[in-house]
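> Take the sequence shown: its position 259, counted from the start at 1, is 259 in my numbering, and no numbers get skipped.
Misleading hints may appear alongside valid ones.
[Unchecked claim] With a straight-line cut-off of 16 Å between C-alpha atoms, the simulated EDC-like cross-links for lysine to aspartate or glutamate are:
#1 K134 x D80
#2 K214 x D163
#3 K48 x E77
#4 K301 x D24
#5 K247 x E272
#6 K35 x D326
#7 K204 x E261
#8 K142 x D184
#9 K214 x D260
#10 K52 x E5
#11 K142 x E188
#12 K234 x E261
#13 K249 x D223
#14 K35 x E77
#15 K52 x D80
#16 K48 x D24
#17 K148 x D99
#18 K52 x E152
#19 K35 x D24
#20 K120 x D99
#21 K134 x D110
#22 K317 x E212
Simulated from the structure, these hints should not be mistaken for laboratory data. The structure displayed is predicted, hence computed values, not measured ones.
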Amino acid sequence: MVSVEQNTYVLKQSDGTIWNFLYDEIFGIMYKICKRNVWSNYIVFTNKTTGKFSVTILPNDNISIIYEDLHGNLIMELFDNTKWSHFNLLENEDNEKFDIYFRTLFLKNDLLILYSIYNKCTNILTLVSQIIDKNGELISPKLIDQFKAIHEIPFYVYTSNNDILYIAYQKQENNYLLGYRLLDYYSENWSEFYIIDDALSPFKEYSLMSYEDKIQCLYIKKDCNNIYSLTYCKGNLSSYNYTNIFKDKDISYSAFFMIDEHIWCLWISNNELLSTVSIDGGNIFTSPPQVDSIEYLNISKATYFSNFLENKTSLCKGEAFFVNDDTPRLLVIDNIYRIVNRYDNSSLYYFQYFISALRKENIDYKKYICELNTSDKDILVEKLHKKIKEQENKLLYYENKFNKINNSILSFNENKAQLSINIEFLQDSLAAKEKKLNELEDLYIKKEEELNILKDTLNTVKTDEIKCFNFKKFFDKISSIIKN
1 MVSVEQNTYV LKQSDGTIWN FLYDEIFGIM YKICKRNVWS NYIVFTNKTT GKFSVTILPN
61 DNISIIYEDL HGNLIMELFD NTKWSHFNLL ENEDNEKFDI YFRTLFLKND LLILYSIYNK
121 CTNILTLVSQ IIDKNGELIS PKLIDQFKAI HEIPFYVYTS NNDILYIAYQ KQENNYLLGY
181 RLLDYYSENW SEFYIIDDAL SPFKEYSLMS YEDKIQCLYI KKDCNNIYSL TYCKGNLSSY
241 NYTNIFKDKD ISYSAFFMID EHIWCLWISN NELLSTVSID GGNIFTSPPQ VDSIEYLNIS
301 KATYFSNFLE NKTSLCKGEA FFVNDDTPRL LVIDNIYRIV NRYDNSSLYY FQYFISALRK
361 ENIDYKKYIC ELNTSDKDIL VEKLHKKIKE QENKLLYYEN KFNKINNSIL SFNENKAQLS
421 INIEFLQDSL AAKEKKLNEL EDLYIKKEEE LNILKDTLNT VKTDEIKCFN FKKFFDKISS
481 IIKN
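Model the full assembly from the supplied sequences, consistent with the hints where possible.
Written out as structure tokens, the structure reads:
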């Protein structure tokens, strides 16, 4: 069965530098850095940890890492692009009794930590949020909820582009309830618990995003027949639309994220990665999903944060599956067009969507250019000329590459045709030789029969000669007797 490391982070700074953080049971928390498309080797951050840690990137590209040390205390390390600063954040005075799970994020102007305190004696889980000030002190504690613990990952957090913080979790009343609360930064108060769905058994996995003030949630739940279903829901407060994406006896992990209005849903079932995509904000998903074998891959489920301008304008934060090898790779559908073009019923819909999106982009560009002053237009024109030149160079490169591939294919086809002719000639020659060989075999058999007849005749002649000799000898003897 495929195993997925759940606690992995990928961060992208404004200059394009990428950081990849993960936990290894032997070496501890490690990271590697990618600059100008070249990845460094892994660097051990600390091995004095239980493996629990959370990483986030601040607007100024500083990086915050909070981890639990071997005594259950929370430690924060802050990187200011020059050096790391150390802060003792929270001391767990009774590590044997309490277990802590935590996540950090940046909201508006504050670095926040959300954590759950699990009382092992009472099986009660307490959710709390606090602000981490500039001195590394925890301030402004707020109680979110308190309930009976039912899952190893107690909650999931997400911040929207309009500074609303969401925390999703499940708790048990009669059935198991999956829902969320939200924190408006300006009101500083947590909302009530809004229910998304319920189930007879605990939800296996769940994650949440927000887009255009609508909740988007992906989760795995099990029915009374022990069949798992992967469900996507979209809506607000208590009004949701549900899409059943996939059902199977084995769905082990799931993740989803959004780029522009494209929602990518991924899940693992029977040692295979399945992927589907919606290009219209979650109304329609491609079906059937793309299937890829991942049995031998080292997979991580990673949280992605980015300060890179192009990502910030188009990427809606979420989670994705990565392959952690020498060059970390994102696992995702490799060709949207090929997927959506397979289905006659939805092709027209997708083409209409792409055309309308292109028209909208064209109108937005025209409006943007009209609003620019002369100097800005000159700068934009210069940038566009540079961009066009880059695209022309790329186009020329791909045309040359295409021509080489095409020529290779033509050469291959010619060689294949010649090879077919040669094979046909050899087959004809072989058939002729086989026919001649059969004729020689028949002639050999005939000659052998004639030789046998000749041998028999020769033996008969020899016998007759012997008889004749004996008769002559007898005759001579008789003649001699008569004379005497």
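> Among the hints numbered above, which are violated by the structure, and what are their numbers in rising order?
7, 14, 15 and 19
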